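Asker: Line by line, the protein sequences are chains B and D.
Residue numbering for the first sequence follows the numbering used here, starting at 1 and increasing by one per position.
Residue numbering for the second sequence follows the numbering used here, starting at 1 and increasing by one per position.
Heads up, none of these hints are tricks.
Below, computed lysine to aspartate or glutamate pairings styled on EDC-like, alpha-carbon distance capped at 16 Å:
#, chain 1, residue 1, chain 2, residue 2
1, D, Lys145, B, Glu8
2, B, Lys9, D, Asp143
3, B, Lys280, B, Glu381
4, B, Lys166, B, Glu154
5, D, Lys170, B, Asp6
6, B, Lys9, D, Asp169
7, B, Lys160, B, Asp137
Here are a few chain B residues that sit away from chain D, every Cβ distance over 10 Å (derived from the structure):
#, residue
8, Tyr124
9, Met181
10, Met304
11, Ile321
12, Cys360
In short, the hints are calculated from the structure, not lab data.
Because the structure is a prediction, the values reported are computed rather than measured.
Glycine included, C-beta positions come from ideal geometry on N, C-alpha and C.
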Amino acid sequence: MKPINDIEKLIKHNRLNLTAGSEMNERILGNILEELQQKTKSKPADTKPNIWRIIMKSKTTKFTTAAIMIIGVIIGIKHFYYSYDMSNVAWGQVVEQLNRYEKYKCRQRVIREQGPKYPTMDVYHLNLSLRRQEVEDGSVHIIDMRGKDAITVELYPDQKKAIVTKLIGYGPKKDPDIIDMVKRFEQRSTEKLGTKKLNGKILYGFRHKPNKYNDYTVWVDPKTKLPVEIELKHPTVGQTIFMDEFEFDFALDPSAFSTKIPDGYEVETILQDYRPREPKEITPENIRSGLNHSAYTVKKLPWMKKIVSIEALDPLGTKAIEYLTGVQSNEGNIIVIVQGNYYDLKRMAWIPKQQLVLECPSGVNLYTHPNGSIYAQRYLECFTKAIPEFVDYKNLSEERFARMIVMPDETALGFVANKKIGDENLREFVGALTKIEAN
Amino acid sequence: MLEDKLLVWRFNRGSRKALCRIYEKYRDDLFSLAATILHDSSSAEDVVHDVFLSFTRSAGTFRLSGSLKGYLATCVANRTRNSLRSGRRLRTLELGEVESIKSTSDKPPTALISKERAKKLYNCLGQLPCEQQEVIILHLQYDLKFREIAHSQNISINTVQSRYRYGLDKLRSMLDGEMEK
Numbered sequence: 001m002k003p004i005n006d007i008e009k010l011i012k013h014n015r016l017n018l019t020a021g022s023e024m025n026e027r028i029l030g031n032i033l034e035e036l037q038q039k040t041k042s043k044p045a046d047t048k049p050n051i052w053r054i055i056m057k058s059k060t061t062k063f064t065t066a067a068i069m070i071i072g073v074i075i076g077i078k079h080f081y082y083s084y085d086m087s088n089v090a091w092g093q094v095v096e097q098l099n100r101y102e103k104y105k106c107r108q109r110v111i112r113e114q115g116p117k118y119p120t121m122d123v124y125h126l127n128l129s130l131r132r133q134e135v136e137d138g139s140v141h142i143i144d145m146r147g148k149d150a151i152t153v154e155l156y157p158d159q160k161k162a163i164v165t166k167l168i169g170y171g172p173k174k175d176p177d178i179i180d181m182v183k184r185f186e187q188r189s190t191e192k193l194g195t196k197k198l199n200g201k202i203l204y205g206f207r208h209k210p211n212k213y214n215d216y217t218v219w220v221d222p223k224t225k226l227p228v229e230i231e232l233k234h235p236t237v238g239q240t241i242f243m244d245e246f247e248f249d250f251a252l253d254p255s256a257f258s259t260k261i262p263d264g265y266e267v268e269t270i271l272q273d274y275r276p277r278e279p280k281e282i283t284p285e286n287i288r289s290g291l292n293h294s295a296y297t298v299k300k301l302p303w304m305k306k307i308v309s310i311e312a313l314d315p316l317g318t319k320a321i322e323y324l325t326g327v328q329s330n331e332g333n334i335i336v337i338v339q340g341n342y343y344d345l346k347r348m349a350w351i352p353k354q355q356l357v358l359e360c361p362s363g364v365n366l367y368t369h370p371n372g373s374i375y376a377q378r379y380l381e382c383f384t385k386a387i388p389e390f391v392d393y394k395n396l397s398e399e400r401f402a403r404m405i406v407m408p409d410e411t412a413l414g415f416v417a418n419k420k421i422g423d424e425n426l427r428e429f430v431g432a433l434t435k436i437e438a439n
Numbered sequence: 001m002l003e004d005k006l007l008v009w010r011f012n013r014g015s016r017k018a019l020c021r022i023y024e025k026y027r028d029d030l031f032s033l034a035a036t037i038l039h040d041s042s043s044a045e046d047v048v049h050d051v052f053l054s055f056t057r058s059a060g061t062f063r064l065s066g067s068l069k070g071y072l073a074t075c076v077a078n079r080t081r082n083s084l085r086s087g088r089r090l091r092t093l094e095l096g097e098v099e100s101i102k103s104t105s106d107k108p109p110t111a112l113i114s115k116e117r118a119k120k121l122y123n124c125l126g127q128l129p130c131e132q133q134e135v136i137i138l139h140l141q142y143d144l145k146f147r148e149i150a151h152s153q154n155i156s157i158n159t160v161q162s163r164y165r166y167g168l169d170k171l172r173s174m175l176d177g178e179m180e181k
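Use the sequences and the hints to build the structure in full.
Answerer: Written out as structure tokens, the structure is:
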């Protein structure tokens, strides 16, 4: 039996710390303030006792009181200044201030529990359709979505290299950024967090959790009523975006947002067609001409019943055109190979950080995919909806899995299968991948 | 304490700001207290609501003899007792509620063990008679003296001390074995 003190200690140190929800606060505060208003209307407040009469009866207290009063006045002035300076911030005031600015600059960092590390960058938002990103590795990105065809430019000054991606039919578009979302928070659903000190400055905190996927914390400067720090947690993804070092109405030459490539840069242009289109059957030659890097097809093996290639929009939602080659096995399994214009190791640098699951003597490597099951499901659904004779997309297996194949020339191919495949068949399949040469 | 006295003084003179400040200062503590005894967050919300409404109605005549926190905590305890007597049943603590118990360890395995232990503790606490729970929680978690509890509940200090002692004895017997591990 434990001594009584241990149980006392246990209870003392295991206090339940619950936070009242914003709805509850709103309900209670609303009711009690209304009650107070009724109360003060119906009944006059008590008169203040005459403290002076009590104090000034004694000579000693008269002098003491005088001294206290002087100190009190000094403290009072400081307190008044402090209260005025750090006056409470209402969420509505923050939104009002934010609405005065269209352009702003901030530093953006992304902390992820797993997966590839995202670089820190300074982002200059000129408006919702035009922004400049200065990345920690020295590269600069310009994203311009004002026109019918959106353009992204990646400048690598150290290599004098530029990658221009034209997104045909993607624009004109306004890309709601985090500040734009913050502006939409309503006072009623925004919870006050109190204050914190940052670099000697008192900041007021607000929290807005619209759903289980997004959890915003905004720290505001009471003088400017503008955000100093914004934290956006994505609990289900295990990722947090931090934004700080805000500058509203920054001064930057308009040429900083130009998509014109500086002289002396080697330019690589990528075209991505975002115009709406239905999936359609294509030939291997169509794949080769649609890609800006090596294209692959599958040489038919004895255990393969059917091979079909289609062109479809990226089912993960980027609206890019992708080329899917589906294989139906004699045992009813479905394998789909995914190829797209951004499928190469330079642009998918995260692949080698995944787990290497198969290393072939030919130099082909297979890696795991961080979102394997979802990736597999989307591509299998996309392919089988277009080619229903392979299998009814409603009857896809739960065994599905995804891999990323890296070819010796660093071309990346997505690989998804509806059911498990033995290593031998996998090796055979990889061996059957053949580069599509120009006719 | 001084801030509370000033707040009460302003509250008695009808200050909305003072009432808001009092509410914001103590709402989470009171909500946690009610939820601890009731084991039900929606009933706990109702209790906190009723306590603050009743407190607001006393504006102009409210006299503070001890600490404001102690006074409000006692009101919450009294109201939770009434709420339990009026037929609301206890239930075991949900995992989500246990999550909000502070862990004293940064190391994940230790934190998990503490959480599990805390969950057991709260489930056992929930099985004690309400009067014993109240005294234990008010004394150990809200630092109210036996004298203050006795005064607020209109009972003798001896009764409060016996409830505390009996409650802890029962807890010990329920947790015996489990807490040793």
